[in-house]
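**Student:** Chains as they are written, first to last, in this note's numbering: chain C, 51 to 427; chain S, 5 to 313; chain G, 34 to 297.
These are computed hints drawn from the structure, not numbers from a lab. One or more hints might be untrue.
[Unchecked claim] Partial selection, computed: residues in chain C whose CB lies under 10 Å from chain S:
{"#": "1", "residue": "Val93"}
{"#": "2", "residue": "Ile199"}
{"#": "3", "residue": "Ile202"}
{"#": "4", "residue": "Val369"}
{"#": "5", "residue": "Gly378"}
{"#": "6", "residue": "Ile381"}
[As the list claims (entries may be wrong)] Far from chain C by the CB rule (all over 12 Å, computed), these chain G residues:
{"#": "7", "residue": "Leu51"}
{"#": "8", "residue": "Arg141"}
{"#": "9", "residue": "Ala224"}
{"#": "10", "residue": "Asp272"}
Since the structure is predicted, the reported quantities are computational estimates derived from the model, not experimental observations. Note that CB positions come from ideal geometry on N, CA and C, so glycine has one too.
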Amino acid sequence: MGLLLPRLSKDPRAAWIAAFFLAATLMALPWVAGQFGNAWIRVLAFACLYVMLALGLNIVVGFAGLLDLGYIAFYAVGAYMYALLASPHLTQQFAWIAQAFPDGLHLSIWLVVPFGAAIAAFFGILLGAPVLKLRGDYLAIVTLGFGEIIRIFINNLNAPLNVTNGPQGITLIDPITIAGVTFSKTINFFGYEVSSLVLYYYLFLALTIITVVICMRLQDSRLGRAWMAIREDEIAAKAMGINVRNVKLLAFALGATFGGVAGAMFAAFQGFVSPESFVLNESIIVLAMVVLGGIGHIPGVIVGAILLAVLPEFLRYTVEPTQMFLFGTVILPAEILRMMLYGLAMVLIMLYRPKGLWPAPEHGVNPVVQRHSRLAA
Amino acid sequence: MELLLQQIINGLVLGSMYALIALGYTMVYGILNLINFAHGDVLMVGALTALSTILFLQPVFVDAPGWLLLIVGVLAAIPVCISVSLIIERVAYRPLRNAPRLAPLITAIGVSILLQTFAMIVWGRNFLTFPTLLDDRPIEFFGATITITRALVIVTSAIIMIGLMVLVNRTKLGRAMRATAENPRVAGLMGVNPNYVIALTFAIGAALAAVAGVMWAATYSTAHFFMGFTPGLKAFTAAVLGGIGNIPGAMLGGLLLGLIEALGAGYIGDLTNGILGSHYQDIFAFLVLVGVLIFRPQGLLGERVADRA
Amino acid sequence: MADVVLKVAGVNKRFGGLQALSDVGIDIERGQIYGLIGPNGAGKTTFFNVVTGLYAPDSGTFELAGKPYSPSEVHKVAAAGIARTFQNIRLFPDMTAMENVMVGRHVRTKATALGAILRTRATLAEERAIRQRSFELLEYVGVAKYADYQARTLAYGDQRRLEIARALATDPKLLALDEPAAGMNATEKVALRALLEAISRDGVTILLIEHDVKLVLGLCDQVTVLDYGKTIAVGTPGDVQRSPAVIEAYLGAAHTNVATKESA
Numbered sequence: 051m052g053l054l055l056p057r058l059s060k061d062p063r064a065a066w067i068a069a070f071f072l073a074a075t076l077m078a079l080p081w082v083a084g085q086f087g088n089a090w091i092r093v094l095a096f097a098c099l100y101v102m103l104a105l106g107l108n109i110v111v112g113f114a115g116l117l118d119l120g121y122i123a124f125y126a127v128g129a130y131m132y133a134l135l136a137s138p139h140l141t142q143q144f145a146w147i148a149q150a151f152p153d154g155l156h157l158s159i160w161l162v163v164p165f166g167a168a169i170a171a172f173f174g175i176l177l178g179a180p181v182l183k184l185r186g187d188y189l190a191i192v193t194l195g196f197g198e199i200i201r202i203f204i205n206n207l208n209a210p211l212n213v214t215n216g217p218q219g220i221t222l223i224d225p226i227t228i229a230g231v232t233f234s235k236t237i238n239f240f241g242y243e244v245s246s247l248v249l250y251y252y253l254f255l256a257l258t259i260i261t262v263v264i265c266m267r268l269q270d271s272r273l274g275r276a277w278m279a280i281r282e283d284e285i286a287a288k289a290m291g292i293n294v295r296n297v298k299l300l301a302f303a304l305g306a307t308f309g310g311v312a313g314a315m316f317a318a319f320q321g322f323v324s325p326e327s328f329v330l331n332e333s334i335i336v337l338a339m340v341v342l343g344g345i346g347h348i349p350g351v352i353v354g355a356i357l358l359a360v361l362p363e364f365l366r367y368t369v370e371p372t373q374m375f376l377f378g379t380v381i382l383p384a385e386i387l388r389m390m391l392y393g394l395a396m397v398l399i400m401l402y403r404p405k406g407l408w409p410a411p412e413h414g415v416n417p418v419v420q421r422h423s424r425l426a427a
Numbered sequence: 005m006e007l008l009l010q011q012i013i014n015g016l017v018l019g020s021m022y023a024l025i026a027l028g029y030t031m032v033y034g035i036l037n038l039i040n041f042a043h044g045d046v047l048m049v050g051a052l053t054a055l056s057t058i059l060f061l062q063p064v065f066v067d068a069p070g071w072l073l074l075i076v077g078v079l080a081a082i083p084v085c086i087s088v089s090l091i092i093e094r095v096a097y098r099p100l101r102n103a104p105r106l107a108p109l110i111t112a113i114g115v116s117i118l119l120q121t122f123a124m125i126v127w128g129r130n131f132l133t134f135p136t137l138l139d140d141r142p143i144e145f146f147g148a149t150i151t152i153t154r155a156l157v158i159v160t161s162a163i164i165m166i167g168l169m170v171l172v173n174r175t176k177l178g179r180a181m182r183a184t185a186e187n188p189r190v191a192g193l194m195g196v197n198p199n200y201v202i203a204l205t206f207a208i209g210a211a212l213a214a215v216a217g218v219m220w221a222a223t224y225s226t227a228h229f230f231m232g233f234t235p236g237l238k239a240f241t242a243a244v245l246g247g248i249g250n251i252p253g254a255m256l257g258g259l260l261l262g263l264i265e266a267l268g269a270g271y272i273g274d275l276t277n278g279i280l281g282s283h284y285q286d287i288f289a290f291l292v293l294v295g296v297l298i299f300r301p302q303g304l305l306g307e308r309v310a311d312r313a
Numbered sequence: 034m035a036d037v038v039l040k041v042a043g044v045n046k047r048f049g050g051l052q053a054l055s056d057v058g059i060d061i062e063r064g065q066i067y068g069l070i071g072p073n074g075a076g077k078t079t080f081f082n083v084v085t086g087l088y089a090p091d092s093g094t095f096e097l098a099g100k101p102y103s104p105s106e107v108h109k110v111a112a113a114g115i116a117r118t119f120q121n122i123r124l125f126p127d128m129t130a131m132e133n134v135m136v137g138r139h140v141r142t143k144a145t146a147l148g149a150i151l152r153t154r155a156t157l158a159e160e161r162a163i164r165q166r167s168f169e170l171l172e173y174v175g176v177a178k179y180a181d182y183q184a185r186t187l188a189y190g191d192q193r194r195l196e197i198a199r200a201l202a203t204d205p206k207l208l209a210l211d212e213p214a215a216g217m218n219a220t221e222k223v224a225l226r227a228l229l230e231a232i233s234r235d236g237v238t239i240l241l242i243e244h245d246v247k248l249v250l251g252l253c254d255q256v257t258v259l260d261y262g263k264t265i266a267v268g269t270p271g272d273v274q275r276s277p278a279v280i281e282a283y284l285g286a287a288h289t290n291v292a293t294k295e296s297a
């Protein structure tokens with residue numbers, strides 16, 4: 051992983067010091083942000099979830115080069131899986147379930163992560179299998195269609211059997227509980243008051259760090275190279291013995307797992323899920339994060355996700371009051387501004403900086419040699 | 005039997021609109037190999053522009069007949085849509101003509117979002133009512149019912165499509181368009197200005213979208229900033245079904261898809277014993293899309309193109 | 034009886050109205066450098082693509098090192114032991130030279146996603162071995178100094194060598210080269226010939242398509258000549274050079290003092 055931050059990689063001591071400061075900053079962040087209001091801690095928690103989503107999508111889009119416009123479906127699957135297995139909904143709807151689980155359905159955290167990952171991976175393979183032979187733009191549209199299909203099913207599976215409770219969504223979802231500590235309440239930690247929001251933030255931060263490590267390890271592995279080979283030239287990849295079909299399916303499956311786990315966390319955090327949270331726009335937002343940051347470059351994707359998750363919130367607190375002050379009315383509400391940012395990000399980046407804000411560093415041959423060469427296309 | 009006829013009529017209405025929109029997708033794809041993701045939103049701009057025009061004129065010309073207002077609305081929408089489409093082509097697509105194909109697709113998605121935000125600012129986020137301008141009492145037709153608006157949709161679309169076929173196949177301009185679609189560089193060597201032809205293609209597509217947008221808004225009596233998404237996606241499916249890049253294919257695909265959706269929605273309850281209801285209608289289009297792309301990617305009327313190693 | 038590495042017979046391939054290949058076959062023995070030549074459009078690349086699995090033939094039998102194989106899936110052909118390069122160079126342009134060759138090792142290694150995530154000892158050992166072997170191959174073909182440079186920035190001749198290194202990384206029984214000398218000047222061709230001779234000496238069987246007749250005649254042990262999809266001559270370069278059918282179809286006014294392996 052020597053290309054992450056070139057100078058740091060050459061000096062292990064500097065790398066450790068930088069890592070320490072980064073860790074300290076991340077730990078202290080919610081306390082600082084909390085000074086400005088609890089809403090900001092929520093923003094940080096969601097930023098972590100978005101980073102996870104962006105990194106997951108990055109595996110599919112960035113590493114393997116498959117443009118998936120329906121990624122949010124995996125987020126939805128993970129969220130609803132947890133919602134169904136950790137809320138009173140199913141026991142209320144189906145008497146036989148209530149009998150089988152007299153204490154209600156409460157999924158423990160240690161099962162949530164593997165379940166969320168597994169079910170998302172399953173859907174990843176389900177959605178990936180039919181699209182393997184499709185070309186880039188067709189692949190994008192079909193995956194978009196799949197994302198929509200999942201949302202429509204979730205929205206309508208409330209008759210004849212009420213599985214998902216349709217547009218009303220599922221409420222009263224259990225909060226996360228680890229080692230007896232329930233995350234929905236403020237806890238007392240060695241004399242310090244740690245609010246529920248901060249607890250969730252730390253949990254999401256831990257999961258995000260694990261996600262980053264996993265992605266970095268995958269990138270630098272036999273599988274990561276196979277993905278990149280497929281992205282660069284599928285025919286040559288096949289000629290080198292890569293089973294392109296299976297490797298693409300792995301990309302879909304592994305990419306989906308991060309979405310699934312993030313979705314389950316989201317359900318627990320909010321306590322409530324509905325199909326409205328999983329519309330196409332969300333898929334596009336995650337794609338915008340990957341594109342803005344630097345397709346295929348993990349640090350870039352992280353930056354892109356944080357920027358597009360946090361910046362709109364900043365704007366909400368600055369732009370709206372400014373407009374009130376200048377015009378007496380709000381012409382551009384924050385919600386619209388947020389969408390505009392995503393749209394602009396995608397257009398401007400593709401036009402002016404197609405590799406993203408922070409692309410992978412490139413190494414070219416010595417210019418002297420280049421003068422005498424005849425470069426192939 | 006009446007149900008069947010009713011669904012067929014519904015299918016033709018829907019299909020005619022899909023066909024008009026699909027033509028825009030297929031013509032642009034034929035020339036640029038680009039899915040104009042923002043095409044559905046051009047439709048939306050057309051519908052809302054027409055709506056604003058009509059709402060503006062109604063109190064001013066109180067006695068004006070409904071059909072006149074409708075025509076004026078369409079005439080107002082067309083230039084607006086053409087302008088929007090040309091600006092998009094010039095600013096967002098042209099610089100990326102030689103970029104890898106995913107780049108303009110991502111840009112197109114961005115443009116689509118920007119159009120929607122623009123519409124949100126100008127027209128707000130609420131669903132707006134499109135006034136009923138024609139006498140829409142249901143007319144009996146062999147046991148099924150139809151309104152004037154819907155009948156007009158079918159007739160107008162047919163006229164437009166015939167006109168387009170004449171344009172593409174019988175005029176010098178049409179020849180230039182077909183040549184550019186096959187090979188822009190060689191067409192250029194023959195004296196055709198590819199940029200001009202491309203702009204024209206976008207303009208025609210936009211005009212068709214404007215008309216389709218007004219039809220859609222009039223048929224469903226509603227218009228809002230997100231109305232272009234579903235018809236846009238389905239029309240794209242129709243274009244693929246017919247054979248992307250193929251103009252008669254787009255027309256055929258549009259009508260077929262409309263019929264499939266209407267018949268499917270009508271009968272799905274019976275077919276699945278009530279498990280799946282008609283609100284799953286939207287899924288048909290997606291299933292058709294996936295099916296076509298997997299089993300017959302060249303569509304109904306398209307040709308197989310071989311891949312050279 | 035010499036060891037037969039590749040035995041192909043009875044290949045027919047039709048593209049619409051064109052019969053691209055009619056009953057074409059080839060027999061390559063271990064350690065040979067085998068040339069496939071013919072005028073433009075003779076069907077050389079088509080045959081090549083059939084043997085390596087890119088095109089499905091209408092008929093034909095295929096045997097690699099005595100075992101029949103079906104050229105239906107490209108990656109299986111590679112796994113069986115035929116590695117190829119491409120006429121238009123198909124490197125992975127944004128990956129480094131080193132990474133390109135490492136991809137070549139994919140088919141002979143087996144680390145899984147789980148192994149990568151958990152960094153098991155077996156996975157780490159395999160990664161080290163991949164790196165080492167890849168670097169050795171880069172040195173072998175002479176582009177080791179560009180190991181960390183993106184493949185698309187390499188000079189044309191170096192890109193060709195890199196592609197050969199990547200193919201060698203798959204430990205092939207047969208190295209199939211599609212016009213490896215295309216676009217090279219005389220100096221580069223001399224270097225390429227030396228490299229190919231070294232590869233052959235080191236025990237790899239080579240099949241190559243080439244337009245440069247001089248190179249083929251000087252380098253190859255056996256040659257098959259195609260014309261209009263049919264085999265018109267098979268034999269040593271000397272025999273083929275003298276065959277009237279070949280002269281008529283291809284060599285035209287032959288240069289009688291072209292050095293061949295026999296007379297050199």
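**Student:** Does each hint fit the structure? Answer for all of them.
**Tutor:** Comparing the hints with the structure gives:
Interface restraint check: Val93(C) against chain S, minimum CB-CB distance 21 Å, threshold 10 Å, status violated. Nearest Cβ of chain S to the Cβ of Ile199(C): about 5 Å, under the 10 Å cut. The hint holds. The interface hint given for Ile202(C) holds, since its Cβ lies 6 Å from the closest Cβ of chain S, which is under the 10 Å cut-off. Interface restraint check for Val369(C): the shortest CB-CB distance to chain S comes to about 13 Å, outside 10 Å, so the restraint is violated.
Given the 10 Å rule on beta carbons, the hint for Gly378(C) is violated: about 17 Å separates it from the nearest Cβ of chain S. Taken as an interface hint, Ile381(C) checks out: its beta carbon lies about 7 Å from the nearest beta carbon of chain S, inside 10 Å. Residue-level check passed: Leu51(G) sits 22 Å from the nearest beta carbon of chain C, beyond 12 Å. Not every beta carbon of chain C lies more than 12 Å from that of Arg141(G), the smallest distance being close to 8 Å; the non-interface claim is violated.
Distance check on Ala224(G): its Cβ is at least 15 Å (rounded) from any Cβ of chain C, clearing the 12 Å threshold; non-interface status holds. Non-interface status of Asp272(G) relative to chain C is upheld: no Cβ of that chain comes within 12 Å, the nearest being about 32 Å off.
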